[in-house]
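K.L.:
Please take these sequences and the hints and turn them into a complete structure.
For the sequence shown, our numbering gives the first residue as 1, with consecutive numbering after it.
Derived from the structure by calculation, the hints contain no laboratory data.
There may be inaccurate statements among the hints.
As the list claims (entries may be wrong) - Using 20 Å as the maximum straight-line C-alpha spacing, the simulated DMTMM-like pairs for lysine to aspartate or glutamate come out as follows: (1) LYS79 to ASP158; (2) LYS79 to GLU29; (3) LYS10 to GLU28; (4) LYS23 to GLU53; (5) LYS79 to ASP15.
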Amino acid sequence: MTWTSPIYPKLYSNDPSINPLGKSITQEEDGWIGSLINIGAMIGPFIFSFIAEKFGRKIGLLCIAIPHITAYITFAFAKNVYLFYFGRLFGGLSVGGGYTLLPMYIAEQLSGVNALEFYLQPIFEVAGTNISSDISSLIFGLAVFTSSFIPIVLDSIDLDTSAISWLPIISLIMFAYTFATGVSVIPWTISSELFPVNVKQISASTVSSAGVIRLFHSSPETHVEKSIVVRRFLENV
Numbered sequence: 001m002t003w004t005s006p007i008y009p010k011l012y013s014n015d016p017s018i019n020p021l022g023k024s025i026t027q028e029e030d031g032w033i034g035s036l037i038n039i040g041a042m043i044g045p046f047i048f049s050f051i052a053e054k055f056g057r058k059i060g061l062l063c064i065a066i067p068h069i070t071a072y073i074t075f076a077f078a079k080n081v082y083l084f085y086f087g088r089l090f091g092g093l094s095v096g097g098g099y100t101l102l103p104m105y106i107a108e109q110l111s112g113v114n115a116l117e118f119y120l121q122p123i124f125e126v127a128g129t130n131i132s133s134d135i136s137s138l139i140f141g142l143a144v145f146t147s148s149f150i151p152i153v154l155d156s157i158d159l160d161t162s163a164i165s166w167l168p169i170i171s172l173i174m175f176a177y178t179f180a181t182g183v184s185v186i187p188w189t190i191s192s193e194l195f196p197v198n199v200k201q202i203s204a205s206t207v208s209s210a211g212v213i214r215l216f217h218s219s220p221e222t223h224v225e226k227s228i229v230v231r232r233f234l235e236n237v
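P.N.:
Dropping the structure here:
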């Protein structure tokens, strides 16, 4: 899915030795390359849930590799933008299939801050810390409350950020890490546990497709806007 990150600078270049297309892509082509994967992801859940129901989830997961491999072979030899369109669209089948089958196969929830907040005091009691569980819970609540004001305070202060030019990349890395261990996992896990076994395949597929329909709804215009913002941001870092 992150293939576009390193390839976009090459596709915007007019240097034939760098750009396989031989000329710079347009912003519209940029948007379609970024968004077509979501079209494939809308269809993928239904294809791979059928395979999983017919031949088993393990076989379904193994088959997910086929569109991915095909897509990247296409990228390797693509000489026109339509092959990139095809690769992104076809590779999206695997993305949608993964959204559906992986939660069914793994069935694990890796994080949940609400559960921590709801049972904070019993957790501190079991942990047996030197500080009482009441005080520990109070400190945690104050930390959460005061942290919500930090962005407001920082935004009102004119700070020299030249000494922390490394902060944006570290922040992006931390965002990607925490997202992968939290929000990225929970919705798909829940969707696999909501429905009874006899309708799980089609129901989970429908939920997955609904999610990627919303992703595509913001494309291609929003993808173009985001790519412009990101490029400007990186130029100023």
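K.L.:
Decide, hint by hint, whether the structure agrees.
P.N.:
Against the structure, the hints:
Taken as a hint, the LYS79 and ASP158 pair is broken in the structure, with Cα atoms around 48 Å apart against an allowance of 20 Å. Proximity of LYS79 to GLU29 is assessed by CA-CA distance (about 14 Å); at most 20 Å being required, the pair is judged to hold. A distance of roughly 16 Å separates the Cα atoms of LYS10 and GLU28; the hinted pair therefore holds under the 20 Å criterion. Note on LYS23 and GLU53: the hinted pairing is violated, with a Cα-Cα distance of about 45 Å set against a maximum of 20 Å.
About 14 Å separates the Cα atoms of LYS79 and ASP15, which keeps this hinted pair within 20 Å; it holds.
Violation of the numbered hints given earlier is confined to hints 1, 4; the remaining hints are satisfied by the structure.
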